[in-house]
Amino acid sequence: MAVPDLIRLLAGDPRHRDRLAHIETIPPLQPRYGSLARPLHPDLEAYLGQKRIRLYTGQCEAIERIRRGEDVIITTPTASGKTLAFTLPVFERLADDPAATALLLYPAKALANDQMKAIRELERFSGIRTDAAIYDGDTPQSRRPAIRERARIVLSNPYELHQILPWHAKWGRFLGNLAFIVIDEAHRYRGVFGSHIAAVIRRLIRICRFYGSDPRFVLSTATIANPEEFAERLTGRRAVWIDEDGSPRGQKHVILYNPYFDGTGDRSVHRETEALFLASIRSGCRTLCFTVSRKMAELIAAWAQDDLGGGHADRVASYRAGYLPEERRAIEDALKSGRLRGVVATNALELGIDVGPLDGVIVSGYPGTMMSFWQQAGRAGRRCNDAFAILVGFANPLDQYFMRHPAAFFARPHEHAIVDTQNPFITAGHLLCAASELPVDPERDRAYFGEGVDAMLAALEAHHLLRKTTRGWVYAGRGRAVDAVRLDSVSSDTFRVLCGGRLLETMDRTQAYREAHPGAVLLHRGETYTVTEMDPAQRIVRVRREDVDYYTQPITETTISVTAEAARRSVGGVTISFGEVEVTDRVAGYTARRYDRIVCADALDLPPLIFSTKALWFTVPDAVADAVAAAGLDLAGGLHGAEHALIAVAPFRVVCDRGDIGGLSSPLHPATDAPTIFLYDGYEGGIGLAEKAYDLLPELVAMTAELIRDCPCDGGCPACIHSPKCGNGNQPLDKRAALALLEGIGRRLSGGGDRVGGDR
Amino acid sequence: MSPLTDRIGRQWRERVDRIREYEVVGDGNIFGTSLHDSYLFRSEYERARRLKARFMEEYRGASLDDIFDGSEHANGGGTCYVLETREPIGAAGRDCERARTAILSDLTLIRGIGERTQQRLKRRGYRTIADLARHPRYHREAQRLLRQIEGGETAALLEWIGRRHAKSHPLLLEASRFHDAGDFVFLDIETLGLFSRPIVLLGVARIAGAAITVSQYLLRDVREEEAALTATLAHLQRENTALVTFNGKTFDLPYFRERLAYYGIAARLAMPHFDALHFARRRWRDAIRSCRLTTLEREVFGITRVDDVPSQMVPEFYEAYLRTGNPGPLIPVVGHNRQDVVSLARLFLLLREDMNGGT
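Line by line, the protein sequences are chains A and B. Position 363 of the first sequence, counted from 1, bears residue number 363 in this note's numbering, the numbering being contiguous throughout. Position 118 of the second sequence, counted from 1, bears residue number 118 in this note's numbering, the numbering being contiguous throughout.
Treat the hints as calculated values from the structure; they're not laboratory data. Owing to the predicted nature of the structure, the values given are computational and were not obtained by experimental measurement. Errors might be hidden in some of the hints.
[To be verified] The list that follows gives simulated cross-link-like pairs (lysine-lysine, BS3-like), each with its CA atoms no further than 25 Å apart:
| # | chain 1 | residue 1 | chain 2 | residue 2 |
| --- | --- | --- | --- | --- |
| 1 | A | K109 | A | K336 |
| 2 | B | K167 | A | K170 |
| 3 | A | K170 | B | K122 |
| 4 | A | K109 | A | K170 |
| 5 | A | K51 | A | K336 |
| 6 | B | K52 | B | K167 |
Isolated chain A, as found in the complex (with noise of 0.2 Å):
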């Protein structure tokens, strides 16, 4: 039983009983059948007689619905059967309707290719003929006519979507008789990639009605908090969501490990991870281990290849994205077969990719989402025995919160996925998409675009881009319009990182500003580079190579104003308000440290960042800040440090990373004449972030004092109000100060209050 004798070894050993923040056991569920209205498909039916599959109840729910042309969302967790609940239907309608085709969209190549052997399958067993094909950037171009000509299941991915929209004509036949829109790991379509799929998504039922379809759609994602929304977001339309599961599971010991229990952490995280790792192969468990970064993924791998000394070091092995297919292929066989007994990687192998049972799963760091440690915990335990998945707590404010307060992490309020249709720049290029497709009728298309078209089409013209015309606007522009728009990132200018003549990376105007000005120390991949030239012009850095011992901070100036209040309610004295502002960010100069000590500062002479976005502000009534300042405290340094903290939980409500918001506090801001903290989208037009902020603000307050308060430290620590991100150099901050600010806030607004007006 090697499962127990890992646990007990964590439960007994004192080095790691300190260390062991929780341990909380998950238990059994046994399998729940369900059964059909009427039965499927006979072709079907004998298909899961030859395969002796019982449908579970969640598979049963999501064919009935899927029957009935309901769109539906589900939301089970991985290995539930979940691909056999929409296959199943898609295909009983193909073979019911000859002409009936359906899309099936991955957000990776990997996973199409996965999921396309079991599709084959089913064809072969079931009889019914579908001629299911994937169609991506690696299909050759000597297969694509005969694809688009007869297929009747289309396996793809949303970037070869995007490319082939404009050649509709040529899917006249596909799109005209598609009857499902089968979106997998829909989760993975949020923030500013989840703005560009759903104007995809607009973009393909607006050519679906030209050709006469109704296309319904089934979306399956991980777990998250909002699934209604998130679908009515990423489609425009209404979906049932499916909870229902049935599907057996193991016990299961999820852990807590906090190697910075004692507030110091006397030996690094990575190396505590490698511990556990090593204490869990030597127990006889096959183990999982997650990694943030490519680099710690070899390097933990190597350490314990060390450790395990001579006869064993070959029972393990880092895997990560960067290796060949075939490489990788090799090591997903060498651990399902169990020759190797553990491997270390990185979130590469998070998805899809079946490598056999695993007793247990090491997560290297809280991984930024409740809905990534949950797929990653899920690795272990897939058939029905005992596993555990160890999260090792960073030094970092979320991380330590969980660390502290395991009930919040096991009350699993998983995240908002956040999908913003209304940023306007996102908007107008999918706009000049479509325009290249159909000429645009704004009667019409405004569904699909809102009703910001009218505006969006007179400036697009303005700028030559369209062309009123009688059948509507038409593009005119003279590059492609798909090629301008690129679905993963709101600004496509771009910098290029050159060393040598060689392309290191590209980054957008704001990183390069912040990252690559001249002077500072870049890092790639665990390597450093200084940069010696940067172009504003010509969105050139180059980079020279060069081992420093020192790292560069930006100090940035930054301010906002109000350009347009879109709602605003008062709770117990605040006022919150969220709306559109104009941030201008300038990289004033920067700083180099050594060891967190300063050793050099400079000035730089870049021009200011300016863009619009939608921020949410409030502000701290008299009486708190009056409250703060008696006690002696410093009312600058605490609404920073409170900005700071929570946009550090934030992610813990929203799926974002910290870096998609910026938060902006003063002790008196022009806008609203009071100490006020602003938080704002980090991309021009806004995402989505602030506006679900509004509405989650007493809860973030609340859970962010809480962080505040328990934290261990004096002062304040990178687990708490220090934020790696600051401009100002984490300065000025005062902890009691905002702990005194937040919970004086927390008070007033979970004592209720009353709108005033503005409502959204």
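Chain A is fixed; fit chain B onto it per the hints.
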């Protein structure tokens, strides 16, 4: 317009303007030439840019009517501008008998018959497809092909030959003899880029007697595209029409179809289509380095273009007109298109004549 929407518009315009669909390579760097039509030599590029500047300067303040002797053309799709010119040309007429003979003598058109089988069959007295109509194994296919030849459906015949032979096979050219010179529609389009954007000029040429007439449908504004497409479609839908293009199987025809679909114009374009590029490649591959139309017309007919705009840069020239209203940059575009259509016609007729030499 609010400052925000204006900024959005400007941002997208800058992004679209940055896209370039060709690459400028150093003179004589022929390694780039493997990518069809996507490169330009530095000297050509610089010359064309000077040309654009010169025409912009010369015709500042001029109107379209000042510089072109065209007229407004109206149809169900709206209005556009049409320029008509005519020049003498010689063309051989229809010779159905010759076409039939050539096709019938190629036994490999029948599925299952390769070069070796053909020789064996010919030795055994099966000299033509008509003879094969009696062959125990091949009679069904042979009879089908015979019926097709008698039916006079050139398009289906071309498809048949295309299934058995390369796109440049001389037999395809032979099949063009089922058509009278007056049946041919020579087409060349100028666009704002490689697909998914408007066609801005469609040059159509037809032969009547000893002259060739070129009709160029020009968009004075993007909103005239539908009318220009409609006008061109009318040429293609006339009875017995055979389309002739240069690289039109890859570019002009699919592009034209795409634009029709864009406007929701239903059209069945099933006419026979001869793509002269393939025949020219086979004919001059060894003698002439590049099979660009301008190179061919220089080497074969001794024509040197003056003030020509390279095809890849037509979008920039037309865009300069669209954005400024200055018609100057249209002059080289219209001249380029006209020369392309006429040279295409001459080249095709020459290739067709050449067959007499038994190439």
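Status of each hint after checking the structure:
1. A:K109 to A:K336: Given pair A:K109, A:K336 holds - Cα atoms ~22 Å apart, limit 25 Å.
2. B:K167 to A:K170: Given pair B:K167, A:K170 holds - Cα atoms ~22 Å apart, limit 25 Å.
3. A:K170 to B:K122: Judged against 25 Å, a Cα distance of about 43 Å means the pair is violated.
4. A:K109 to A:K170: holds (23 Å)
5. A:K51 to A:K336: Roughly 22 Å separates the two Cα atoms, so the pair holds.
6. B:K52 to B:K167: The given pair, whose Cα atoms are some 37 Å apart, is violated under the 25 Å limit.
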